[in-house]
Amino acid sequence: MNKAVFEPIRIRASVQLCVCAIALVSTASTALAHSESGIAIDFAGGFAHPITGFDHLVAMVAVGLWGAFLGMPAIWILPVVFPLVMAFGGALGVLGMPLPGVETGIALSAIALGAMVALAAKPPIWVAAVLVGAFAIFHGHAHGTELPVGADAIAYSMGFVVATGMLHLSGIAFGALSHWPAGRIAVRAVGAVIALIGVGYLGHFI
Amino acid sequence: MSRRTFFALVTSLIVMTTPAYAHSPIMGIEGVLGGFLHALLIPEHGMSLVALGLTLGREEQHRRRYGLLVFTASLVAGLLAVGLSAEATFAGDGLLAATGILALLLAVAWMPALLYWALIAVVGVAFALDSKPDVTATAELARMLIGSGLGGALALTFVAEGSFLSRGPAQHIATRVLGSWIAAIAILDLSLRVVTRISTG
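These protein sequence lines map, in sequence, to chains S and E.
Residues in the first sequence are numbered from 1 upward in steps of one, following our numbering.
Residues in the second sequence are numbered from 207 upward in steps of one, following our numbering.
If you are wondering where the hints come from, they were derived from the structure by calculation, not from laboratory data.
Mixed in with the good hints there might be a few duds.
Claimed, not checked - Each pair of labels, with its calculated beta carbon distance range:
hint : chain 1 : residue 1 : chain 2 : residue 2 : range
1    : E       : L321      : S       : A182      : 48 to 54 angstroms
2    : E       : H378      : S       : W180      : 26 to 32 angstroms
3    : S       : T104      : E       : A376      : 25 to 31 angstroms
4    : S       : L95       : E       : D340      : 27 to 33 angstroms
5    : E       : A376      : S       : A48       : 28 to 34 angstroms
6    : E       : L239      : S       : P181      : 40 to 46 angstroms
7    : S       : V127      : E       : H378      : 22 to 28 angstroms
8    : E       : L356      : S       : E146      : 54 to 60 angstroms
9    : E       : R271      : S       : A189      : 52 to 58 angstroms
10   : E       : V314      : S       : I185      : 31 to 37 angstroms
11   : S       : G200      : E       : L356      : 52 to 58 angstroms
12   : E       : E266      : S       : I125      : 24 to 30 angstroms
Think of the CB as a built atom: it goes at the ideal place given N, C-alpha and C, for glycine as much as any other residue.
Chain S extracted, bound-state conformation (with noise of 0.2 angstroms):
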């Protein structure tokens, strides 16, 4: 009788190992060739660019986290300021203009920028936007001095803005949990945590 009752749930259940077996095996893609510089060159590759070096995604969470913990027109304006101006620094890179101190300056942006969220500063809009942008620069001379040439150029820079600001979104996004008391407190204790991650790159490049 157990023979009888589990023979069509056993079936049952091998023909869903076979779909999804067939299915694993549909989803392979083909190898491609990596790129004289070894980089995705497609929107994948920029996608990956801001998210991979960890001093950048620091900053650009502790960006979203300010702008959250500054409230209106902050938490708008600072994601506006951020990849406008960065877009002029990673210009400036791609087109191979020395910038000193990049990642001194991306360093610096971890540090000032997560201590602002952990000392809850809330300096006058326009202050704050000229930090912001003032950090983009570096930020975006960094990225621009590494894209490849020959690249899918607006693959890659589309897949490069989005992450940027998918980072802010998500810095905003915890941000948020700054309307309530104890959400205050661990917002602020992230801000000292990427403070601490900058003051650790700092030394590294010191």
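Use these hints to put chain E onto chain S, whose structure you have.
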């Protein structure tokens, strides 16, 4: 088919999709529909239509409708020039530069009147000149250009009117953020194009 099997199949189909590359031939789709899709599927074209549509969407009815009219007129003029074998090597760069300026002005929420009309006209002409399909037959070229014109004009009208109808504080912020993203993409793309052109001669 169980729910799990169905999801496995749907997931596999979604993962199997591949990105649409700019100016890749749309196999099997030709004529007016091919031109229509050509106008919409190229990222630079889509980006310019979104930036211009959002710009028009911020204007009152009178200026918005005249803006659409100026775009359509310049688009038709550009398509006629393409039909008469006009060569425009830098049309894509011009379109990208105009889109970048439009998006930058969107981000800062400022639009001088003279620049408004000039940018609409430049986008219309550059859009048309950059829509030249890789076909040799005159009849097919005409069909594809008509499709490109229809696609561009309809998509712009759709974005502009949609943007106008959804006006509000949230839309205003979203427009400025989107403007900054489009401007950043245009700046990076233009600089990469310049360097690539220099390095490849």
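Hint-by-hint comparison with the structure:
Restraint check, L321(E) to A182(S): a C-beta distance of roughly 49 angstroms satisfies the suggested window 48 to 54 angstroms. For H378(E) paired with W180(S), a C-beta distance near 28 angstroms keeps the hint of 26 to 32 angstroms intact. Between T104(S) and A376(E) the CB atoms are about 39 angstroms apart, so this pair departs from the stated range of 25 to 31 angstroms. Our hint of 27 to 33 angstroms for L95(S) and D340(E) holds, since their Cβ atoms are close to 31 angstroms apart.
Checked against the given bound of 28 to 34 angstroms, the beta carbons of A376(E) and A48(S), roughly 30 angstroms apart, stay inside it. Taking 40 to 46 angstroms as the suggested C-beta distance range, the pair L239(E) and P181(S) does not conform, at roughly 59 angstroms. Between V127(S) and H378(E) the C-beta distance comes to about 23 angstroms, which sits within the given range of 22 to 28 angstroms. A hinted range of 54 to 60 angstroms is violated for the C-beta pair L356(E) and E146(S), which are about 41 angstroms apart.
For R271(E) and A189(S), the hinted distance range of 52 to 58 angstroms is satisfied, since their beta carbons lie about 54 angstroms from each other. For V314(E) paired with I185(S), a C-beta distance near 36 angstroms keeps the hint of 31 to 37 angstroms intact. The hint said 52 to 58 angstroms for the Cβ distance between G200(S) and L356(E), and at roughly 57 angstroms that hint holds. Distance hint check: the CB atoms of E266(E) and I125(S) are about 29 angstroms apart, consistent with the given range 24 to 30 angstroms.
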